[in-house]
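Peer 1: Chains L and Y, in that order, give the protein sequences. Every number in the numbering used here is 309 more than the matching position in the first sequence, counting from 1. Position 143 of the second sequence, counting from 1, maps to 140 under the numbering used here, and the rest follow consecutively.
Simulated from the structure, these hints should not be mistaken for laboratory data. Be aware that one or more of the hints could be misleading.
Cβ-Cβ distance ranges computed for the label pairs, FRET-style [stated by the list, open to error]: (1) G587/L x H202/Y: 27 to 37 Å; (2) S41/Y x Y607/L: 18 to 28 Å; (3) T116/Y x R606/L: 42 to 52 Å; (4) M310/L x T121/Y: 15 to 25 Å; (5) R122/Y x A623/L: 38 to 48 Å; (6) L333/L x Q31/Y: 18 to 28 Å; (7) G146/Y x I655/L: 51 to 61 Å; (8) A685/L x D184/Y: 50 to 60 Å; (9) Q31/Y x A623/L: 41 to 51 Å; (10) L677/L x D15/Y: 33 to 43 Å; (11) A685/L x E68/Y: 36 to 46 Å; (12) L677/L x D184/Y: 56 to 66 Å.
Within a straight-line C-alpha distance of at most 25 Å, the following computed DMTMM-like cross-link-like pairs (lysine to aspartate or glutamate) qualify [stated by the list, open to error]: (13) K702/L x E192/Y; (14) K702/L x D322/L; (15) K702/L x E16/Y; (16) K702/L x D71/Y; (17) K702/L x D56/Y.
Using N, Cα and C, we set each Cβ at its ideal position, and we do this for glycine too.
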Amino acid sequence: MTGLVGAVVEAWDELRIHRLRVLLALIGVAVAVASITGVTAAVQMLTQSFQEQNDRNNGRQVTLQINAWQQTQETTGGAAIEAAFASTLDRYGIDYSSRMLQTAVPVRLPSGRRPVNMQAVDPEISILNRITTLQGRWFTDDDARSYAPQLIVNEAFLATLGLSDLSSHPTVQIGDVTPVRAEVIGVTASNWPGEDPSAYVLYDQLTRWYSPDPNIGQTVPTLEVWVPQDQADALSVRITRDVQAAAPGWQVEAYDNRQMGGGAIDGAAKWIGIGIGGFALLLGGLGLVNISLVTVRYRIREIGIRRSFGATSARIFFGVLMESVVATVVAGVVGVALAVVAIRAIPIETLFGSGIQDMPPFPVSAALVGLASAAAVGTLAGVIPATVAVRIKVIDAIRY
Amino acid sequence: MSAMIELTEVTRSVRLPDERVLEILRGVSLSVDQGEHVAVVGRSGTGKSTLLNILGLLDAPTTGRYLLEGEPVDRLSQRVRTAHRGRDFGFVFQQFHLLPGRTAVENVAAPLLYARGRTFWNRTRLAARMLERVGLGERLDAMPETLSGGEQQRVAIARALVRSPRVILADEPTGALDVETGGEVMDLLDEIAQETGAALVTITHDLAVAARAARQFRLADGVLVPVEIDARTADWVGDVPTSAGPPLVADRGAATERRLPTVAP
C-alpha cells in the first residue's frame, strides 16, 4: 500500500516540480480528451436538435400515418372511419395518437373575413410533434367539452389581430354558416418569417361548428399514432387491416416516417469527432514520450540517488510510468472539465435555431472513454522512459 | 560476535572495451564494527569510491567475500540487497546530490518514500526533526540553490541519517567545502554517528578528515593497507605505505603492463 502511495506521491512531486514542461506536454492530451468528450456531447445535442426538429416536422420516430378514403361514391360518412380509428386504438392500447385534419376556416380578422389554415387535432399531437407554446397553453382533454372552441394561433395570426400577447384574452369569430366565437388560448412560434396566419383547433370542436370544405382541404381526418420502433412494421400492417375491416368501403393505407430521420448525421459526426480526438491523443502521446525521454536523461543522477535510498528497479520503473499516467489522467480530467464548460457555453438557440426540449445528459461514457484513453496513452508513453530509467547503472547514474 | 561489515580478499575488476581487464580493487580486507569510525584515504582514481559502492551494496565484488552482519551478501537477492541499502546504509556524497526542485525538508523526506508504515506516513515530520537536529530547523522550506555549501551538506547528512542507518558511508564529505565548514560538517557527522551508534566509513583524500577516525587505511593501486595519521599534525605517522601488487591492467589476464587506474570505476 505504502509502495503504491509512495510511487504516486513521487510521481506527483515530479509533475509539480516540472509543471511547465508537463503542462506543455499535456496540452495535447487535454485538448484531445476535451475534443473526444466535447464532440461526443455536441454531436448528441446536434442529433437531439435534429431529432426534435424532425419530430416537429414529421412526428416522433416512429409515427404511423393512417390515411383513409372512400372507394365508391356511396358515402358512409366520416363517422365510420373515426369509429374504426377509435376501436383500433383501443384494441392495441395506443396512448399517443391524434386525428389530423388540414383545412381552411373563414376567420373574421380586423382586415375582414378570410380563410385561415387550420389543423384540427387532438391534444396529444403536441407530444407527437413536440409542439410548444410561446404564450398561453396547449389544449387539454377538457377543452373538447367546452362550449366555445379554442384556438392556438401562430405569431403571424396574433400579429394580424394587432396583438403581441394574450393578456386581453382575445377572441375571433370562425366559421361561415354557424359562426362561433373562439378564444385564443395559446401562441406557437412561426416557422419562418412572413409565415401566413394559421391555427390549431381541437378536431372535436371544429367538426362541431364547421363542416370542412372539400374543395380546400381534407374532409376526413388522418390518424397519427406514435408506436415503438420495433413494433412499427407489425402495427402498420395490423392497424391498416383492422381499420379497413371496421370501415367497409374505405381504402386504408399506412405510412411511417422512418425514412425522414437524421441518424446518418449522428453516426458520421460522431466518428469524425472520435477520429479527430484520437489523432490529437496520438500526437499528445508522442509529445509526451519525447519529453519524458528527455526528462529521464536529465534525471539520471536523481534516479541513481534514489537507488541509493533503496528504490528498487521496479519502483523506479513504476515511478516513471506513474508520472506519465498521473500526468495524462490529470490532463484528461482537465480535458473533461473543458468539455463541460464548452458544452455549457454553447448558445444552443443560436447554433441550432431552436432550443432543445429534451437536453441529452452529459456523455459520461465519452468522458470515461476519454479518460481511459488518456491513461492508456500515458501508460504507453511512460513505458519507454521507464525502461530507459531502469537500465541506467546506479554507479554511473550517481556519477553522471 | 561478527563485525557489522567485513570484506575479505575482495577484488573488483572491469573489462575494458579493448578486452583488457582493469583491476580496481585487489585483495581488499576490511572489517568495521558497529559505532566505529573508519577512514580510507587515497588519491583520486585509486578505487576509493568503488570500495564505498561495494560497501553500500551499489556494486558487487568480482571475487572475495562480503559479510553484512555475518551474512554473505552475494547470497542475497537483488531485492533484499536493495532493502538493506535503503534501511542500513546512509550515503553522503561529495557534491551533496540534493534533489533539484525540492525543498530541504522534501529532500530529507525523499528516502522515507521507500519506507513502510508509520515511517512513510510521518516522513515530513521525521525529516523536519532531522533537519532541526543538524541545525537547519529554520530552513525547512529552503530550496537547495539558496543554501550555502555547508548547509547543503548538512541537508545531505540529515537525508543520509533520516532512516537511522547502521552504516554511514561518506564519500569525500568535505571535498566541496572550505576547511572551516568542512570541519563543522565532520564534527556534526561524528556527533550524530556516535549518538545513533552507526558505523561511519569516510572516504577522503584529506588527512585531517581521516585523522578523526579511530582507524585509518590507505588505498593505493587498489590495495588497502592500514595506516596511522597523527590527529594533531594531520600527517602520516612513520613511512607512507606503498603497495606492491600485481599489474593493474592485464592483457586478457597476462601480466604485461603496470599502470595506475585511469578509468573511473
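Peer 1: The structure should be examined with respect to each hint, and the outcome stated for every one.
Peer 2: Hint check:
1. G587/L x H202/Y: 27 to 37 Å: Cβ of G587/L to Cβ of H202/Y: about 59 Å, so the range 27 to 37 Å is violated.
2. S41/Y x Y607/L: 18 to 28 Å: holds, 27 Å
3. T116/Y x R606/L: 42 to 52 Å: violated, 32 Å
4. M310/L x T121/Y: 15 to 25 Å: holds, 18 Å
5. R122/Y x A623/L: 38 to 48 Å: Violated, since R122/Y and A623/L (Cβ atoms, about 28 Å apart) do not stay within the stated range.
6. L333/L x Q31/Y: 18 to 28 Å: violated, 51 Å
7. G146/Y x I655/L: 51 to 61 Å: holds, 59 Å
8. A685/L x D184/Y: 50 to 60 Å: holds, 54 Å
9. Q31/Y x A623/L: 41 to 51 Å: violated, 31 Å
10. L677/L x D15/Y: 33 to 43 Å: Distance hint for L677/L, D15/Y is violated at roughly 58 Å.
11. A685/L x E68/Y: 36 to 46 Å: Once the Cβ atoms are compared, 44 Å apart, the range 36 to 46 Å for E68/Y and A685/L holds.
12. L677/L x D184/Y: 56 to 66 Å: holds, 59 Å
13. K702/L x E192/Y: Not satisfied, since the Cα-Cα distance of roughly 34 Å exceeds 25 Å.
14. K702/L x D322/L: holds, 23 Å
15. K702/L x E16/Y: holds, 20 Å
16. K702/L x D71/Y: The hint holds at about 18 Å.
17. K702/L x D56/Y: holds, 10 Å
Checked against the numbered hints given earlier, the structure breaks hints 1, 3, 5, 6, 9, 10 and 13 and satisfies all the rest.
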